[in-house]
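Number of protein chains: 2
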Amino acid sequence: MVFGLARRELRPRVPLRPGEGEKHRLTSLEGLAALSLDALSSVAYGPEAIVIALVAAGTGALSATLPVTLAIVFLLAALVVSYAQVIAVHPDGGGAYAVAKKDLGPTASLLAAASLVVDYVLTVAVSLSAGADALASAFPALAHDKLPVCLAGLALLTVVNLRGVAESARVLMLPTVLFIMTILGVVVIDLLRSHPAAVVGTPLSFPPKESLGLLLLLKAFSSGCSALTGVEAIANAVPTFRAPRVRRAQRTELMLGALLGVMLIGLAVLIRRDHVAPRGEVTVLAQLTAGAFGTGWPYYATNLVVTLVLGLAANTSFGGLPVLMSLLARDHRLPHLFGLRAERPVYRYGVLALALLAAVLLLATEADTHRLIPLFAIGVFIGFTLSQLGLVLHWARDKPAGWRRRALINGTGALLTTLAGVILLTTKFLAGAWVVVVAVPLLMLLFARIQRYYTAVGEELGLGRVPAPPDRRTASLVIVPLGEVSKLARHAIGAALSLGDEVVAVAVHADPAKSRALRESWERWNPGVRLDVIDSPSRSLVQPIVDYVQRAARDGRQIAVLIPEVEPRHRRYEILQNQRGLLLATVLRARTDVVVCLLPYRLGL
Amino acid sequence: MVFGLARRELRPRVPLRPGEGEKHRLTSLEGLAALSLDALSSVAYGPEAIVIALVAAGTGALSATLPVTLAIVFLLAALVVSYAQVIAVHPDGGGAYAVAKKDLGPTASLLAAASLVVDYVLTVAVSLSAGADALASAFPALAHDKLPVCLAGLALLTVVNLRGVAESARVLMLPTVLFIMTILGVVVIDLLRSHPAAVVGTPLSFPPKESLGLLLLLKAFSSGCSALTGVEAIANAVPTFRAPRVRRAQRTELMLGALLGVMLIGLAVLIRRDHVAPRGEVTVLAQLTAGAFGTGWPYYATNLVVTLVLGLAANTSFGGLPVLMSLLARDHRLPHLFGLRAERPVYRYGVLALALLAAVLLLATEADTHRLIPLFAIGVFIGFTLSQLGLVLHWARDKPAGWRRRALINGTGALLTTLAGVILLTTKFLAGAWVVVVAVPLLMLLFARIQRYYTAVGEELGLGRVPAPPDRRTASLVIVPLGEVSKLARHAIGAALSLGDEVVAVAVHADPAKSRALRESWERWNPGVRLDVIDSPSRSLVQPIVDYVQRAARDGRQIAVLIPEVEPRHRRYEILQNQRGLLLATVLRARTDVVVCLLPYRLGL
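For the protein sequence lines, the chains are A and B, in the order given. Each residue of the first sequence is one higher than the one before, starting from 1 at the first, in full-length UniProt numbering. Each residue of the second sequence is one higher than the one before, starting from 1 at the first, in full-length UniProt numbering.
To be clear, the hints were calculated from the coordinates, so they are not data collected in a lab. As the structure is a prediction and not an experimental result, all values here were calculated from the model. A hint or two may mislead.
Identical chains share a label here; the pair holds if one copy fits it or two copies do between them.
Straight-line C-alpha distance at most 35 angstroms; calculated DSBU-like pairs for lysine-lysine [claimed, not checked]:
hint: 1; residue 1: K514; residue 2: K102
hint: 2; residue 1: K209; residue 2: K102
hint: 3; residue 1: K514; residue 2: K209
hint: 4; residue 1: K101; residue 2: K514
hint: 5; residue 1: K101; residue 2: K209
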């Protein structure tokens with residue numbers, strides 16, 4: 001609030017550097033490469049989540065994977081069509097928070113913000129834990145060290161993002177293409193085989209614990225919905241596309257939907273045909289990979305590609321959450337420090353907050369993907385629903401040609417995602433969804449309270465009103481605390497004389513002999529400034545100066561305390577200097593209302 | 001170096017508060033209670049160290065405990081007589097560092113300081129680990145958690161000493177008297193019994209690994225010398241005694257020597273008679289306690305008293321090392337921050353440094369007393385030797401009546417402690433003494449390098465010379481970075497007008513619309529001060545202001561940047577404020593030579 005940057009435009013997930021022109025923007029295919037990683041990588045854990053849910057009714061129930069997947073793909077289709085309209089209406093991008101703020105009002109925008117925060121954090125946690133699963137499928141020795149693997153990955157992402165990455169869509173093209181080819185390769189080659197090339201993992205027995213009823217199917221559906229996370233990324237990033245932006249972004253959204261749908265259905269068909277079931281420490285995707293490629297090097301390569309892509313998917317949150325937090329900070333809903341960038345173009349505090357929250361989540365769930373999944377999709381579905389709902393209101397308000405059909409499409413989308421969200425919440429409540437149910441309102445409350453605080457401060461500072469004219473005090477006094485007569489003292493007194501109407505030097509000594517010696521050398525120097533020496537038998541240094549300053553402040557003059565500081569040239573000497581001055585400055589700032597001035601004196605060594 | 005307190009008098013281990021008069025000073029007996037804990041508590045590990053060394057030649061060799069103990073007590077007697085003379089010559093106390101500085105010159109004082117640092121740290125580590133041993137003897141469940149027990153104890157001591165303890169000799173009287181009575185009780189009652197009341201611990205077999213030759217006896221002697229640590233404490237604290245100080249302190253020193261000697265010999269006699277040998281997780285002292293009192297409540301009570309006293313012995317280092325470090329800081333041999341006390345009369349950095357070093361040591365040795373003992377006594381013996389040697393030089397220089405006899409006493413002391421030190425070093429070198437041999441010279445080097453740095457800085461600042469008269473710049477310019485027109489702006493401009501010949505406000509905005517709005521509200525307010533708005537399309541905030549300030553500084557005027565800061569009333573709101581101002585202040589201080597002023601604006605909330 002001291003001095004503010006103007007609120008910036010909503011920043012897309014893949015930011016443009018200043019000076020990037022049209023030819024640096026994305027074509028449809030480039031957009032797919034750059035923006036689909038988060039969504040596509042969820043095939044690594046979505047189908048598996050369905051299998052794990054269904055197996056509660058025994059391995060026989062796994063044949064229901066295909067119908068459940070078809071229901072999810074139907075929802076995906078509805079979402080994709082619906083998002084094509086979001087793209088048309090919000091060509092500036094912006095995502096659920098911006099849309100909700102514009103169309104649905106403050107409470108909905110708080111809800112969107114809270115659920116997005118939860119979503120971003122979970123994307124990091126789930127992507128990392130699924131990545132560790134994929135890695136452990138290739139290297140079983142890691143099976144019991146998934147938590148350290150995840151935390152190491154998180155640390156790497158944090159360091160990279162604190163340094164600032166020259167993020168470029170093109171860097172992501174190669175892994176995305178590699179991933180799409182690999183997954184499609186698994187599907188096609190496995191389908192061409194009469195039986196799996198290899199079977200990996202330890203077979204486990206699954207005695208049916210419940211019957212394959214509607215509830216179990218709904219549970220499997222809600223678990224599988226985790227495969228839909230990330231579908232909104234393209235709609236958030238329309239400005240990064242080359243003109244005609246809207247058409248290109250819509251095409252990319254449809255391509256993403258088609259690809260994801262084909263992958264999910266293909267994997268579901270294979271799961272049924274190959275009788276895939278949860279097996280020891282090998283993921284479903286790894287089992288299908290072994291079925292297609294055998295257990296030679298392509299098996300290892302595929303698992304490594306999957307791990308890499310999941311790591312990059314986790315990284316998308318590091319692009320997203322700090323930006324969202326900076327927007328919240330500019331809306332006064334988070335501490336302003338989250339909007340702060342210093343030397344590097346990096347929201348340092350946002351990156352650290354994300355890393356911290358993801359680490360807590362990984363530690364709490366021991367990096368177990370199946371314990372994270374129930375928390376995952378809810379936040380996303382809140383965002384989905386809010387976006388669609390906002391659009392329905394938009395159509396109803398503006399009533400353009402064909403608005404009824406459009407409102408119907410988005411209304412259906414909103415209805416389906418609401419339904420899916422409710423299913424998710426009810427079937428997964430005790431399994432972990434309650435965490436989100438608690439966290440989202442708490443976050444909303446936090447944002448609202450912070451906003452209230454800043455509003456009250458703005459009120460107190462009289463923001464937006466014309467203040468009274470500034471009132472120049474009649475005189476000013478600059479107090480210079482000193483220890484010895486030296487060039488440092490000369491430098492400080494010189495600066496103080498330029499600033500104050502009156503200057504006085506003050507020293508604290510515990511030893512009368514020292515006091516006398518100082519007085520004598522002061523008289524020899526005779527700088528034309530009074531020196532007050534305070535005797536402090538208690539050997540306290542700071543308190544006597546604070547008392548002195550408070551006494552001086554009583555006559556209404558403007559008081560400044562000028563503290564000269566020796567600044568060594570080399571950083572390694574810093575511990576040898578400066579501590580007393582900074583301590584005094586801190587105490588004076590806490591206890592008095594005077595101006596505290598720090599004057600550096602640079603040493604040659 | 002910014003402003004210095006005079007170097008203080010040497011501070012005794014038990015400090016006097018200002019205003020404490022003669023009647024608050026210690027009598028001989030009170031002095032014994034207050035100052036002997038460190039020395040007396042070493043009977044908890046000294047005899048045990050002898051037993052552990054001797055058992056290498058089989059349990060039969062343990063009968064040599066008594067002669068080895070007698071040799072140690074002989075050394076103790078020499079030390080006590082020698083220290084009685086130290087007390088007479090240095091009635092101001094001061095310890096090895098002060099004495100070495102006065103009588104032996106800078107190198108010896110560096111040696112004394114380095115060995116004292118090592119000694120203080122080891123006192124903490126050994127006392128805590130021996131305390132954990134005593135506790136584990138009473139509660140075997142703790143036997144495998146000694147490290148956490150030690151670290152918890154260390155944390156407790158650190159917190160208590162950071163808060164500052166109202167240290168009082170009288171507080172220590174009760175535990176000291178309890179400890180002396182307990183140990184003497186063990187000795188007397190066990191001697192009165194015809195056979196031990198109870199035998200505790202698991203018997204272990206000790207096949208002889210070497211013969212009981214001179215080398216082994218020397219090893220046992222050097223291990224047992226750990227029982228002599230702390231004997232110097234009284235000589236360091238003569239000023240805390242009531243007049244006649246010297247006589248009372250000498251009497252206390254003799255009482256301490258007699259008590260410690262009696263305890264050591266008594267325990268050695270019992271070790272021989274009861275055939276005590278290292279037994280599982282039960283200490284030698286605990287075995288003797290069981291022999292005297294049985295295994296009922298007195299056994300538990302004794303072990304708890306021993307634990308308590310060892311904890312208090314560890315605490316004496318927290319009284320000693322931070323004070324020593326502050327003396328070193330005042331001699332410019334450690335960073336000045338170690339001489340810094342702020343709100344509380346506590347050398348915070350010294351306490352933290354001690355805690356850190358002791359924790360490292362405990363972690364490195366897994367809180368194993370027997371791995372710490374070989375490091376322990378060497379530092380102490382260096383201090384012993386230097387004190388005696390200093391006194392020999394003193395006698396030879398001043399030649400008072402009977403100086404030859406006195407020099408002989410101190411010379412014998414120096415010779416014996418040198419001999420003991422050499423024995424310690426040679427027999428224990430590979431077992432850990434090498435750590436001290438490496439650490440002491442490194443510390444001396446560190447002290448010397450720091451002193452050299454401070455001397456060079458003093459040279460550069462022209463300390464002790466009369467500087468040129470201060471030079472008042474022709475004019476001053478105060479730059480006030482602002483974000484909005486508000487009461488904060490009014491407050492800041494008012495203060496700036498009192499301080500500078502010219503004042504200019506500066507704002508950074510990324511958004512031209514925002515810039516325009518600010519300019520307009522500035523004109524409406526019309527505070528009589530120019531506003532410069534910098535457009536920063538790169539959205540960077542700090543760099544444009546730094547550039548602006550550097551440009552302004554070119555014309556030779558005295559530049560001050562006055563940064564207003566909103567200070568919330570409640571600490572919990574602090575995270576919501578201030579970050580940008582402090583960031584700007586930090587960068588300005590690092591990159592420019594201007595005066596950086598912070599002006600608090602206190603909120604009502």
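Should K514 paired with K102 be assigned to within, between, both, or neither, using CA atoms and 35 angstroms as the limit?
Between copies only: 20 angstroms across chains, 69 angstroms inside a chain, cut-off 35 angstroms.
If the cut is 35 angstroms between Cα atoms, do K101 and K514 qualify within a copy, between copies, both or neither?
For K101 and K514, only the inter-copy Cα distance (21 angstroms) is at most 35 angstroms; the intra-copy one is 67 angstroms.
Is it within a copy, between copies, both, or neither that the alpha carbon of K209 lies no farther than 35 angstroms from that of K102?
For K209 and K102, neither the intra-copy (48 angstroms) nor the inter-copy (85 angstroms) Cα distance is at most 35 angstroms.
Go through the copies and call it for K101 and K209: within, between, both or neither, with a Cα cutoff of 35 angstroms.
neither (46 angstroms within a copy, 82 angstroms between copies)
Measure nothing new, just compare the shortest in-copy and cross-copy C-alpha distances for K514 and K209 to 35 angstroms and report within, between, both or neither.
neither (86 angstroms within a copy, 64 angstroms between copies)
The structure is inconsistent with the numbered hints 2, 3, 5, although it conforms to all the rest.
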